[in-house]
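Chain B: place on chain A using the hints.
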Amino acid sequence: MDSQDNTLQQRKKGFRAWLQDFIAEIPLIGWLLGILGAVLVEYFLGDLISYYLGLPKIPVLFGFLTVLKKPLLIPGTAGYLILVYGLPILIIVKSLQKPANKLAGFLDKQRVTVAALFHLGIFYGALHFWADMSDYRLLVIKLTMIAIMLTLSINVINGYMGEFSCSHPGFMALGAYATSTITLLLFADDKQFGAALLPEALGLYFFPLALVAGGIVAALGALVIAIPSFRTRGDYLAIISLAFLFIVKSVIENLEFMGGPRGMSSQPHYSTLPMVFTVMVLCIWIINNFVRSTMGKALNAVRDNELAAEAMTVNTRKTKIITFMFGAFWAGVAGGLFAHVLRYVNPGSFGIQRLAEILAMVYFGGLNSVTGSIVGAVSINILSEALRPLEIYKWIIIPLLLILVMLFRPTGLIAFTEFKPKELMKPKQIRVEEK
Amino acid sequence: MALLRVDNMTHYFGGLRAVHNYSLVLEPGHIVGLIGPNGAGKTTIFNLISGIHTPTEGNIELAGQNLIGHQPHEIGAMGLGRTFQNLLLWRHMTVLEHVKMACYSQLGYGIWGAFFGSRRCHREEKRLTAKAMHLMETFDVDRFSSQLAVSLPYGAQRRVEMARAMATNPKVLFLDEPTAGMTPDELNRMITIIRKIHKEFDVAIFMIEHRLKFVMELCERIQTLVFGEVIAEGTPAEIKNNPDVIEAYLGKEDIG
Chain A
83 MDSQDNTLQQ
93 RKKGFRAWLQ
103 DFIAEIPLIG
113 WLLGILGAVL
123 VEYFLGDLIS
133 YYLGLPKIPV
143 LFGFLTVLKK
153 PLLIPGTAGY
163 LILVYGLPIL
173 IIVKSLQKPA
183 NKLAGFLDKQ
193 RVTVAALFHL
203 GIFYGALHFW
213 ADMSDYRLLV
223 IKLTMIAIML
233 TLSINVINGY
243 MGEFSCSHPG
253 FMALGAYATS
263 TITLLLFADD
273 KQFGAALLPE
283 ALGLYFFPLA
293 LVAGGIVAAL
303 GALVIAIPSF
313 RTRGDYLAII
323 SLAFLFIVKS
333 VIENLEFMGG
343 PRGMSSQPHY
353 STLPMVFTVM
363 VLCIWIINNF
373 VRSTMGKALN
383 AVRDNELAAE
393 AMTVNTRKTK
403 IITFMFGAFW
413 AGVAGGLFAH
423 VLRYVNPGSF
433 GIQRLAEILA
443 MVYFGGLNSV
453 TGSIVGAVSI
463 NILSEALRPL
473 EIYKWIIIPL
483 LLILVMLFRP
493 TGLIAFTEFK
503 PKELMKPKQI
513 RVEEK
Chain B
106 MALLRVDNMT
116 HYFGGLRAVH
126 NYSLVLEPGH
136 IVGLIGPNGA
146 GKTTIFNLIS
156 GIHTPTEGNI
166 ELAGQNLIGH
176 QPHEIGAMGL
186 GRTFQNLLLW
196 RHMTVLEHVK
206 MACYSQLGYG
216 IWGAFFGSRR
226 CHREEKRLTA
236 KAMHLMETFD
246 VDRFSSQLAV
256 SLPYGAQRRV
266 EMARAMATNP
276 KVLFLDEPTA
286 GMTPDELNRM
296 ITIIRKIHKE
306 FDVAIFMIEH
316 RLKFVMELCE
326 RIQTLVFGEV
336 IAEGTPAEIK
346 NNPDVIEAYL
356 GKEDIG
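Heads up: the protein sequence lines correspond to chains A and B, in order. Add 82 to the 1-based position in the first sequence for my numbering, that's all there is to it. Add 105 to the 1-based position in the second sequence for my numbering, that's all there is to it.
Only chain B is shown next, with the shape it has when bound in the complex:
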């Protein structure tokens, strides 16, 4: 059974058709990439699946549960973690607080426990701190734990965001351009990290990426999106040689 299944999803922003008849099947443990030129609607697809927008038509299922009509925080708690293209970090929070915050749905105490500082509350906070420390070690940001996340170098900020996404205990991880603005060195490091979390946490990964080298190396399957429609889907080798994809990216080949 597919872990994440999207059937014939269509979305209109007013009169503009942003996504048309989009479908996706993500098996457990797979890495799928979504590529396409700017404005093709890639991030919109992410936002639709993670509940920020509700699709006009179509059906989305995560591990057999229907996601349509659920709030983003509910979808997050069901097992969909995500990062953002433009790094939505919290300005006044430390790295540790970032990672702990993403454990919100796993908090084992209620609002009264928080008010009165119950014993349970302290115990839970300790448990989450330990969990967060472990995650921060995995992403190699543990030495920054008490620094403000926004004060870190760019690559580290990306890793904090990924650690935060992993703290929600996702079954599926959405990465929105994980290498945007990275140097080649940082890029290679990111490949290692993604491989590592894929293996260690056993998550399926769905990523938007512009750098073909990166996608080709990591993904088992790639979808190409142009003007909200998937024009090609297949293995990296197939995509690389698909004339439609080449056309979308480079323009038509002139065989005159």
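Only chain A is shown next, with the shape it has when bound in the complex:
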């Protein structure tokens, strides 16, 4: 009797409430399975469906590119999106609701790492098949994941610690060049460094070490900025770090053995999807661990009131320097991956425009928030790819969006939240009745 009343009430609330309830009952694992299912549908039936809908080929990036170029294909693309993504996800999610919740309940009792790995495995599977369908997708995914790392690492400095650092592209460049130098020197036959010193087969295993080396070089660069600028407070860091960015760029431009302005090319093909994915997950995991610990919360204390932090026994100077190096380290690692994704790197790609992109992603997504960084990086990246056919107008739409976000949510879309993997993976209650 009670539940009948409730369903009646729910109907009255309309579609939105129904959707909310629907979403509230699906655990994360259910969604991931749904996405995997949809991707598999596309993988096996995509060509067929797009053929019958009159599309020239499967819409690569959710149809944005097709639609913006040929508006006549809008109905076909919409149909494709519904048939390939919408319906399969809904059907799978709904039909697997109970088993997915059971599975989530089971995983909830395991250690967080085990549960997280399980989720990530499914997610990676979906990404893998999705990216397998076109090289363009693969590239976009890799660059997006690198952008997530960059955004997250600058968020640690600009968001969590509240300093304004502008040298992230510089750190990225340091990492990219250091990693490239190592891999080119050791594992590749190329113009700059000649024949490979070690057998090429070892390269892929050494690559993580090369990335770490790139990160360490970037962190040392950060130390150079940190020592003078953290003696003072205020805008000095912004100015010094901006100067550092230009210094790094012009030094690299003038180093002939690193290719000068022409850059370095023919890096080995080491930034594979699993590699980038694993490094990104590690980056998120480590940064999230750090910012959630009391040691990492010291960053917030330093930002909100340094004097109080110091009086409460926080070593503010050490905290600031270590955090700055930590952020730079991940920027360096991201740079190393970036160089091996494009398999080409030149000083021009680490200029002020890259800085603007990174800052846009952080402030769009939200300060002081891991989720925000991920959302910001993904949405700005995908958006700028999707709007590519608009050419120059793209640079009107994206800044406009940023301005709107700044107006309505000055700290970004999802700011000042904690990213709790355990909560995220929890099984959802199937609500029979609500209060």
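Careful, some of the hints might be misleading.
Covered stretches of chain B (in silico footprint by chain A; criterion: 3 or more residues with CB under 8 Å from a CB of chain A, positions within the stretch not fixed) [to be verified]:
id : segment
1  : 169 to 178
2  : 190 to 199
3  : 219 to 228
PhoX-like mimics (lysine-lysine), calculated; alpha carbons at most 25 Å apart, straight line [to be verified]:
id : chain 1 : residue 1 : chain 2 : residue 2
4  : B       : Lys231    : A       : Lys502
5  : A       : Lys184    : A       : Lys510
6  : A       : Lys176    : A       : Lys510
7  : B       : Lys236    : B       : Lys304
8  : A       : Lys508    : B       : Lys231
9  : A       : Lys191    : B       : Lys231
10 : A       : Lys504    : B       : Lys231
11 : B       : Lys236    : A       : Lys502
In short, the hints are calculated from the structure, not lab data. Each residue gets a CB set at the ideal place from its N, CA and C atoms; glycine is no exception.
Same frame as chain A, now just chain B:
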């Protein structure tokens, strides 16, 4: 042996002499008050002892250790906890995070433990949470534990700040105007709380306070500071009747 001893401390801000020949002896378990008109240099004395400024001359010792030249965070870890006149709370942090943060020097894990979420790190976090909960109960702010500290009522914010100061495990607690802006009700509550922590945690307390009623009731000894110099020191009764103090506060008595 005195717990905190300040000898002939003098400090200049440029050409301005803010503190002159200041001395203090604080015995374990004592409560000493520092009163004086606005701008007398009371907070400067707090800042000098807690290491925010370095005195131009003089010597400071806490439990036999020399404090001159140490960073404020080191002095904090040596056992000097303090609150601030204008409530320096952290804007985006919850009450629990505030109290845990003050345990920074007692963290039993290093930076790598924090990065990789080591088992030790989790255990330590749990231990500190328990400690913080206990402190928050003592100061009656435990029900706010997951709220942002700045969103609390004023009196509760003061108590959070005191809980935070106590979390540093102080031997000496400095209170900078603990009753500023409080209603009489809150004032009485503060007296009870200070008595309670004095008894429970066995700390010596050194406080700046404007409300004479409050100081007279709590302190065993009172110093009166005018223009950076101590003009009178003694028991509350002595201070109350000291003509110099009355003059500093009310002006000269006209016996014409």
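Violated hints - listed by number, lowest first
The structure breaks none of the hints.
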